[in-house]
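*Asks:* Okay, here's what each chain looks like letter by letter:
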Amino acid sequence: MKAIIHVTLKQGILDPQGKAIEHALDSLGFSNAANVRVGKYLEVELNETDRARADAQVKRMCEQLLANTVVEDYRYELT
Amino acid sequence: MKAIIHVTLKQGILDPQGKAIEHALDSLGFSNAANVRVGKYLEVELNETDRARADAQVKRMCEQLLANTVVEDYRYELT
Amino acid sequence: MKALVITPAILEQHKLSEEEYRKILGILGREPNWTELGMFSAMWSEHCSYKSSRIHLKKLPTTGPRVVQGPGENAGAVDIGDGLCAVFKMESHNHPSFIEPYQGAATGVGGILRDIFTMGARPIALLNSLRFGGLESAHTRHLLQGVVAGIAGYGNCMGVPTVGGEIVFNDIYASNPLVNVFCLGIAKKDKIFLGKAAGVGNPVIYFGSKTGRDGIHGATMASDSFDEQAAQKRPTVQVGDPFTEKLLLEACLELMAGDCLVGIQDMGAAGLTSSACEMASREGTGVELELTNVPRREPGMTPYEIMLSESQERMLMVAKAGREEEVISVCRKWDLDVAVIGRVTDTGKVVLKENGEVVAEVPAKALADEAPRYDRPSAPPAYQEMLQALNHDALPDVKDANGALLALLDSPTIASKRWVYEQYDHMVRTNTMVRPGSDAAVLRVKGTNKALALSVDCNGRYCLLNPYEGAKIAIAECARNLACAGAEPIGVTDCLNFGNPQRPEVMWQFVLAVEGLKDACEALHVPIVSGNVSLYNETNDLSIYPTPMIGMVGLIEEAERTVTQWFQRAGDVILLLGKTREDLGGTEYLKVLHHREQGSPPLLNLQDEQAVQACTIRLIRAGLVQSAHDCSDGGLAVALAECCISGPDGHVGAMVQLPLNGLRQDALLFGESQSRIVLSVKPEQAEAVLNQIRDAGVPAAKIGTVGGSRFVIRLEGDQRTEGCTVDLDLNVLHDRWASAIPRALGQN
Amino acid sequence: MNIGVVVFPGSNCDHDCAYVFNDVLGQSVQMIWHKDTQLSGLDAIVLPGGFSYGDYLRTGAIARFSPVMRALKAFADKGGLVIGICNGFQILLEAGLLPGVMLRNTSLNFICKDVYVKVENAATRFTHRCESGQVLKIPIAHADGNYYTDPVTLGGIKANAQVIFRYCTAEGNVTPAANPNGSLDNIAGIMNADGNVLGMMPHPERSAESVLSNEDGRLIFLSMLSAFGKSEIRARPVGA
Ligand SMILES: Nc1ncnc2c1ncn2[C@@H]1O[C@H](COP(=O)(O)OP(=O)(O)O)[C@@H](O)[C@H]1O
Ligand SMILES: [Mg+2]
Numbered sequence: 029m030k031a032i033i034h035v036t037l038k039q040g041i042l043d044p045q046g047k048a049i050e051h052a053l054d055s056l057g058f059s060n061a062a063n064v065r066v067g068k069y070l071e072v073e074l075n076e077t078d079r080a081r082a083d084a085q086v087k088r089m090c091e092q093l094l095a096n097t098v099v100e101d102y103r104y105e106l107t
Numbered sequence: 029m030k031a032i033i034h035v036t037l038k039q040g041i042l043d044p045q046g047k048a049i050e051h052a053l054d055s056l057g058f059s060n061a062a063n064v065r066v067g068k069y070l071e072v073e074l075n076e077t078d079r080a081r082a083d084a085q086v087k088r089m090c091e092q093l094l095a096n097t098v099v100e101d102y103r104y105e106l107t
Numbered sequence: 153m154k155a156l157v158i159t160p161a162i163l164e165q166h167k168l169s170e171e172e173y174r175k176i177l178g179i180l181g182r183e184p185n186w187t188e189l190g191m192f193s194a195m196w197s198e199h200c201s202y203k204s205s206r207i208h209l210k211k212l213p214t215t216g217p218r219v220v221q222g223p224g225e226n227a228g229a230v231d232i233g234d235g236l237c238a239v240f241k242m243e244s245h246n247h248p249s250f251i252e253p254y255q256g257a258a259t260g261v262g263g264i265l266r267d268i269f270t271m272g273a274r275p276i277a278l279l280n281s282l283r284f285g286g287l288e289s290a291h292t293r294h295l296l297q298g299v300v301a302g303i304a305g306y307g308n309c310m311g312v313p314t315v316g317g318e319i320v321f322n323d324i325y326a327s328n329p330l331v332n333v334f335c336l337g338i339a340k341k342d343k344i345f346l347g348k349a350a351g352v353g354n355p356v357i358y359f360g361s362k363t364g365r366d367g368i369h370g371a372t373m374a375s376d377s378f379d380e381q382a383a384q385k386r387p388t389v390q391v392g393d394p395f396t397e398k399l400l401l402e403a404c405l406e407l408m409a410g411d412c413l414v415g416i417q418d419m420g421a422a423g424l425t426s427s428a429c430e431m432a433s434r435e436g437t438g439v440e441l442e443l444t445n446v447p448r449r450e451p452g453m454t455p456y457e458i459m460l461s462e463s464q465e466r467m468l469m470v471a472k473a474g475r476e477e478e479v480i481s482v483c484r485k486w487d488l489d490v491a492v493i494g495r496v497t498d499t500g501k502v503v504l505k506e507n508g509e510v511v512a513e514v515p516a517k518a519l520a521d522e523a524p525r526y527d528r529p530s531a532p533p534a535y536q537e538m539l540q541a542l543n544h545d546a547l548p549d550v551k552d553a554n555g556a557l558l559a560l561l562d563s564p565t566i567a568s569k570r571w572v573y574e575q576y577d578h579m580v581r582t583n584t585m586v587r588p589g590s591d592a593a594v595l596r597v598k599g600t601n602k603a604l605a606l607s608v609d610c611n612g613r614y615c616l617l618n619p620y621e622g623a624k625i626a627i628a629e630c631a632r633n634l635a636c637a638g639a640e641p642i643g644v645t646d647c648l649n650f651g652n653p654q655r656p657e658v659m660w661q662f663v664l665a666v667e668g669l670k671d672a673c674e675a676l677h678v679p680i681v682s683g684n685v686s687l688y689n690e691t692n693d694l695s696i697y698p699t700p701m702i703g704m705v706g707l708i709e710e711a712e713r714t715v716t717q718w719f720q721r722a723g724d725v726i727l728l729l730g731k732t733r734e735d736l737g738g739t740e741y742l743k744v745l746h747h748r749e750q751g752s753p754p755l756l757n758l759q760d761e762q763a764v765q766a767c768t769i770r771l772i773r774a775g776l777v778q779s780a781h782d783c784s785d786g787g788l789a790v791a792l793a794e795c796c797i798s799g800p801d802g803h804v805g806a807m808v809q810l811p812l813n814g815l816r817q818d819a820l821l822f823g824e825s826q827s828r829i830v831l832s833v834k835p836e837q838a839e840a841v842l843n844q845i846r847d848a849g850v851p852a853a854k855i856g857t858v859g860g861s862r863f864v865i866r867l868e869g870d871q872r873t874e875g876c877t878v879d880l881d882l883n884v885l886h887d888r889w890a891s892a893i894p895r896a897l898g899q900n
Numbered sequence: 007m008n009i010g011v012v013v014f015p016g017s018n019c020d021h022d023c024a025y026v027f028n029d030v031l032g033q034s035v036q037m038i039w040h041k042d043t044q045l046s047g048l049d050a051i052v053l054p055g056g057f058s059y060g061d062y063l064r065t066g067a068i069a070r071f072s073p074v075m076r077a078l079k080a081f082a083d084k085g086g087l088v089i090g091i092c093n094g095f096q097i098l099l100e101a102g103l104l105p106g107v108m109l110r111n112t113s114l115n116f117i118c119k120d121v122y123v124k125v126e127n128a129a130t131r132f133t134h135r136c137e138s139g140q141v142l143k144i145p146i147a148h149a150d151g152n153y154y155t156d157p158v159t160l161g162g163i164k165a166n167a168q169v170i171f172r173y174c175t176a177e178g179n180v181t182p183a184a185n186p187n188g189s190l191d192n193i194a195g196i197m198n199a200d201g202n203v204l205g206m207m208p209h210p211e212r213s214a215e216s217v218l219s220n221e222d223g224r225l226i227f228l229s230m231l232s233a234f235g236k237s238e239i240r241a242r243p244v245g246a
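Residue numbers (my numbering), protein chains in the order written: chain U, 29 to 107; chain P, 29 to 107; chain G, 153 to 900; chain C, 7 to 246.
Hints were generated in silico from the structure; no laboratory data involved. Take these hints with a grain of salt, some might be off.
Claimed, not checked - Using C-beta positions, here's what the derived DEER-type ranges look like:
#1 U:D83 with P:D83: 29 to 39 Å
#2 G:Y535 with P:E73: 46 to 56 Å
#3 P:D83 with C:N179: 45 to 55 Å
#4 C:T43 with G:L405: 22 to 32 Å
#5 G:N883 with P:L56: 52 to 62 Å
Said to hold, decoys possible - Computed list of chain G residues with no C-beta within reach of chain C, every gap over 10 Å:
#6 A304
#7 P529
#8 H677
#9 H803
#10 P811
#11 Q844
#12 V850
#13 E868
#14 N900
Since we're looking at a predicted model, the values are computed, not measured. C-beta: ideal position from N, C-alpha, C; glycine also.
Please model the entire structure based on the sequences and the hints provided.
*Replies:* Encoded structure:
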């Protein structure tokens, strides 16, 4: 089973990377681009066939390691 | 319109970050996690209502700035 | 082993000539198979075999009382006393950095670091020499930002400070940037490790990262010119993992502290092929490897791919038989992949097996040492005379000295490089006494009272105009930078970046440059202990300027006796050592103000140079000097301005008077006469110092005083009343110089 | 004084911290491997700077799971002195020993340079050799030093005098221009409520010797020493 995980900064938290990209886009002439937000995208293969167990595992991975829940949200899908 | 962009390392390209995370997951007891790959996830708001134009723009953004096409692939959706 | 039908197309793809192929047939006594052909192709590439340069490099002086290891090993080593050696080398990563600037530069740093710590030295300093096109080009800005970030990304993570370097911007490098990296480490003199596969029966151990398909044929690519097809070579990009390299470094040094190691070599260009055959060839032994034991990242890799992969952060070592477990446990401690992949044999051959079946068998010496050597034809280019012809009378003298000075300080080649070095951790390891921003970086050597001074230099335009003089000047200027820190030069490494050696004019440049290096090193009594040659730096038939980059190491016996380039205190007296002549040819002034890159570079008299440097070192060691700065790009006016504005703790003005002595004004202010150094000394010592300098037979003059909030140069004997002096507010001067690069990048 | 310096894979200021405590200040230093689980006989522990686990994922995120961290937490809970410098600070944040997180510098670049910090609280075991409000020149070297925490936490650490250093000008003015990385409130260093765990981004070990032309950082180490009634044993010359 494979987990597809998205980790993003919480709403309201300043995103220096997003801001820098927005600025760069602007100077490249993409002046209509706004509110750029940058997050992480992870793929993890799981040697696990039981969906519920996989789900629980990925949730724990995110909570413990993959996201810093003070400032980040996460969501995932299992495929 | 909003673009949801995924930038990932090309197949076969070393992903040191993924490797380190895999190792960390392993030592946290998630020994059945494998092949961790890390990419970027971006959201860009576009002040543009024409879908075709938006599409062309996002493609150029990816090619020029958001992805390093030498080592990275990208894909996007418009919503 | 399967035989192979070798077609001209296959040879072309492997960059082997018909003649070279016939030589391979002679060596093997049969047709090579695919893997063997690949191995020959990589090892006989220009990059690995130095086939066009070797006969010339032989002329370089490589010996001296301090030399512990000269060229031929992973790096050179020079005795610095106290039982220690300085181990150093410079490498190019030009082509990979053009294809992917971040990873290209990063893996360049990774490669040179491995060269140093394979010798048993802990790396303590990195420097870099960069060449880019003009910053008006968006692509150049992209390359610059990527390269600097890549160097930073790798060096910072490794915890090795990047303490200096140089950057020149010139359109000639627009499609062929240069990225040369220098590294220095410290080793115990009696604990230097070499890349040798000694002791028949000893295990050959692989450790570090797993092998993937990255960079297959990087070595042949480095010997390739660029054209529009370059994009198609992209899959060969290697990705660096500095974290793994840091573990590799610590694991190596831990292994070396014990006594289980016999020989060790990193896998750089040509990967496992070069490390295996070079280690065997140096020792006259052979190695037998079982490729199925090589740790791999991807399934289905063929012997060809395994042998030619240039995956980073890998090492090959020969350990004492029976000590395998010790090695394995240290590698495991540092979370590294490790595997015994073979044994040392007495056959003189590199034998490769896959599941016990022989898949390649080649004499090690043939791969490592018996590449053809070429004495390629050389002839001066037709345009050489035109380049050198410069009629000074046709150039109007400078009318607005203030404007000209500001324009020069604004030229990215001369402007402050703070934007670059602020991205480099230049202080980690707490040795950096003089940070980037002065003529030379200075690092104390822990456990001793000594310090080392480091500098890298080369003026490619001088080398274009006169390869012999240009190369001499590169050595002289590098040494002069060290002298300005009070350091005596003790060793040189070089990185010779040239165009396509199959062009006679490029060979001509190369041969003359090597002559120049030789003569300058001999005159200054400093040996070349390591180096690198990068040829085929041409794009769409346009070669770069010949750029023999020099890295030099100097020794300061008492660390505290060093000075920096900036003025220290109001009231100090400014002295100029050396003679100013009408040297306008090849200057930055001529390029920036007159848009010409022409003329003869300044003449360099090596005896005069030696005298000026020796005198400066002596005065600094005697504690008589407050600051010392050499005159280079931009001439005396720029050097003086830098003395005023380059200090980290604010600016200090100066009032200078220069006698015109019949010279043109622009020559006096901006000419680049060699062998000149600006000193500042305490007023009460000025007379005595001046006498000492003159006693040493060095021309010198008192030219002004430090102090005030303006930078002023008055020209004595000038008849005009307007525009004949420099008179600028320090803030104006500083802003122009400090903001030039960020401004050009649109980041101010 | 017995100092432990923790070595994580990728730590690279471990030797520098050991050098300052041992060679410069004459204290006894023990290197602690990140897999060690027993910490005994130590008066203070240093989490050094560097790139633990390559700074991959997030700075400090992987290191905080190192086996040594449990023992370190126990050590801190019992009141042991812990100082985290740069990456060490980031690890303390990820481990929850100090509140907040580090974001990327607003410039996105790694920045290495001298900065000035103002001592906001000189009544701590890490700063009592400084004057209150004293300005120290100490270098920074990081890409992720942009301190952030939620307003409630921020209010709390300010009210509790847990903000120890703030970026300022040479004259001691805390201004946006003096903020090198975008840190909330110019915060450069904070302490826990019990006053025994300090995290700071600037590197005092790089400014603790005259041969490096700056000794301001030494005040922090001297404060730690005198918190244990010790003083430096020998001031060594250059290099030695
Ligand atoms: N690429 C670079 N990396 C680090 N430091 C650099 C780089 N380029 C220039 N510098 C630093 O900027 C200062 C000025 O460089 P440069 O003008 O080339 O000096 P010089 O002419 O004395 O050789 C030096 O201290 C040098 O080390
Ligand atoms: Mg100089």
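*Asks:* Beyond 10 Å from chain C, beta-carbon-wise, is G:E868?
*Replies:* holds, 38 Å
*Asks:* Take a quick look at G:H803 and tell me if its Cβ sits farther than 10 Å from every Cβ on chain C, holds or violated.
*Replies:* holds, 14 Å
*Asks:* Confirm or reject: G:P811 is not an interface residue toward chain C, with every Cβ-Cβ distance exceeding 10 Å.
*Replies:* Its Cβ never comes within 10 Å of chain C, the nearest being 37 Å, so this holds.
*Asks:* Does G:P529 really sit off the interface, with its C-beta more than 10 Å from all C-beta atoms of chain C?
*Replies:* holds, 48 Å
*Asks:* Measuring Cβ to Cβ, find out whether G:Q844 lies farther than 10 Å from everything in chain C.
*Replies:* Holds, because the least Cβ-Cβ distance between G:Q844 and chain C comes to about 26 Å, which exceeds 10 Å.
*Asks:* Say whether it holds or is violated: G:H677 keeps its Cβ farther than 10 Å from all Cβ of chain C.
*Replies:* G:H677 is indeed farther than 10 Å from all Cβ atoms of chain C, at 26 Å.
*Asks:* The hint says 29 to 39 Å between U:D83 and P:D83; measuring C-beta to C-beta, is that right?
*Replies:* Roughly 35 Å apart at Cβ, these two residues keep to the hinted range, so it holds.
*Asks:* Assuming the hint says 45 to 55 Å, is it satisfied by the Cβ distance from P:D83 to C:N179 or not?
*Replies:* Since the Cβ atoms of P:D83 and C:N179 sit about 50 Å apart, the hinted range of 45 to 55 Å holds.
*Asks:* Range first: 46 to 56 Å. Now tell me if the beta carbons of G:Y535 and P:E73 are that far apart.
*Replies:* Holds: the Cβ-Cβ distance is about 55 Å, inside 46 to 56 Å.
*Asks:* Does G:V850 really sit off the interface, with its C-beta more than 10 Å from all C-beta atoms of chain C?
*Replies:* G:V850 clear of chain C: closest Cβ-Cβ about 30 Å, beyond 10 Å.
*Asks:* Against chain C, does G:N900 keep a CB gap of more than 10 Å to every residue?
*Replies:* Given a closest Cβ separation of 12 Å, the condition holds.
*Asks:* Do C:T43 and G:L405 keep their Cβ atoms within the hinted range of 22 to 32 Å?
*Replies:* holds, 25 Å
In the structure shown, a violation is registered for the earlier hint numbered 6 alone.
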